[in-house]
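*Asks:* Next come the chains, spelled out residue by residue.
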Amino acid sequence: MMSFSLWDIVRNLLIGGALTLLLSLVAFVLGGATGLLVLLARIGKWRAPRALAQMHIELFQGTPLLLQLFTLFFGLSLFGLDVPAWLAAGLGLTLFTSAFLAEIWRGCVEAVPRGQWEASSCLAMTYWEQMRHVILPQAMRMSIAPTVGFAVQVVKGTAVTSIIGFAELTKTGSMIANATYQPFLVYSLVALGYFILCYPLSHYAKSLERKLHAAR
Amino acid sequence: MAYQFDFTFIPDYAGMLAQGVAYTVGLTVVGGTLGILIGIGGAISRLWNVRPFGELYRYYVELFRNTPFLVQLFLIFFGLPSLGIKLEAWQAAILAMVLNLGAYSTEIIRSGLQATPRGQLEAADSLAFTRWQIFLHVMLRPALRKVWPALSSQVVITMLGSSVCSQISTEELTFVANFIQSRNFRAFETYFLATGMYFALALLIRQAMHLIGRYLIVRRPLS
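Quick note, the sequences are listed as chains A and B, same order. Position one of the first sequence corresponds to residue 1061 (this note's numbering), numbered consecutively onward. Position one of the second sequence corresponds to residue 203 (this note's numbering), numbered consecutively onward.
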């Protein structure tokens, strides 16, 4: 039987942790980009895209991430595509993130006072000019704190992808726990890993919130 | 597309699916109730810095809000037995849900309590309310009323999160879905169906929370 030293465990968890970080970054960046499109559709003037965007948001906010991943994982393979776990994980988390970010950002856009819309249309700005120069810059300022706060949810969400077999931190932890028979130690280290990734983010979000409130 | 969708398996497994839904609802009701109670206790301890609970709650909230539910679940179910604490799957699932929701609701309820206007406390004082009456009627109830929507969302999130409890063989809805698809190999249809059921459950629980809020907190009779 092989024996594991503490360093062996930590070393392998670090590899898993790196994948967790990578997946979080990819999901956050792609989810942010998709979320922006969903947001524009959601607050836009055309009815069909608006309804679609709303459906997208409701669907991904109202169902468990795990089942979204399962449905994607098995649904895509119906089209004859061979879906590796990392692809299903990345795609699922991106869609999940986009729905939440679009809804958070919509709240921020709607919090921009109506007068700003009216004033900018008095200045003969087109819809896109209003968005680009007046509304979005102000909404963006408000959205920073909740967006950073949501990043924590994305990092924690990646843990669920372990269930479809993506070898990130939790999956690595499960495998090591099974090999070493030290589940308490290993899962504590896994939890510590997530804590190290998430705590600075939530702390930063909280301090941003305080700062932006003070400025107003 | 050559693939033929086949949902004809549903009647055969209707009983199991219903049991899965009932299990998920049961977990949510117990987890939600205890979680909110823990949250109220935590909010009080944090707000008035009740020693030593205020400090303990601070660590508890940060720990549970910054780690994934799945890892908390694994730590409780697989990790605790090595400390001599053996829990059944359903016990571990409920414990994890309660602790997880408790951490979030502590912060949610605390923000509600903090938003009590000073003038109302002074007014209650001058009306000779006792400390307990002030807390219950002037602080807690209005606070819960203010944060009830946020609390409802958190309960729904906890319910959706309970799907990962299938991983420790808690026989809730996702576990049933896993079982069915391992029998009929209709993975997509089965998970699609389960996803739809969760969606409906989320709507139902949101509605139920709304009614509970109206009945218990606002005390307006149901019309």
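Fair warning: there could be bad hints in the mix.
Computed footprint of chain A on chain B; a stretch qualifies when at least three of its residues, placed anywhere within it, have a C-beta under 8 Å from a C-beta of chain A [to be verified]:
(1) 269 to 280
(2) 296 to 304
(3) 365 to 378
Non-contacting residues of chain B with respect to chain A, defined by C-beta distances greater than 10 Å in every case (computed) [to be verified]:
(4) Ser284
(5) Gln316
(6) Arg333
(7) Leu362
(8) Ala389
(9) Phe390
Since the hints were derived computationally from the structure, they do not count as laboratory data. Built from N, CA and C at the ideal position, the CB exists for glycine as well.
*Asks:* A separate judgement is required for each hint: does it hold in the structure or not?
*Replies:* How the hints compare with the structure:
With 9 residues carrying a beta carbon less than 8 Å from a beta carbon of chain A, the stretch 269 to 280 of chain B meets the three-residue requirement, and the given coverage holds. Closer than 8 Å: that is the beta-carbon criterion, and the stretch 296 to 304 of chain B has 0 residues meeting it against chain A, so the requirement of 3 is violated. With a threshold of 8 Å between beta carbons, the proposed coverage of the stretch 365 to 378 of chain B by chain A holds, since 5 of its residues qualify and at least three are required. Non-interface status of Ser284(B) relative to chain A is broken: a Cβ of that chain comes within 10 Å, the nearest being about 4 Å off.
With a least CB separation of 13 Å from chain A, Gln316(B) remains clear of the 10 Å interface cut-off, as annotated. Distance to chain A confirms Arg333(B) as a non-interface residue, since its nearest Cβ pair spans about 30 Å, more than 10 Å. Look at Leu362(B): its CB is around 4 Å from the nearest CB on chain A, not clear of 10 Å, so calling it non-interface is violated. Look at Ala389(B): its CB is around 4 Å from the nearest CB on chain A, not clear of 10 Å, so calling it non-interface is violated.
Annotated as non-interface, Phe390(B) brings its C-beta within 10 Å of a C-beta of chain A; the closest such distance is 4 Å.
Hint violations for this structure: numbers 2, 4, 7, 8, 9, all remaining hints satisfied.
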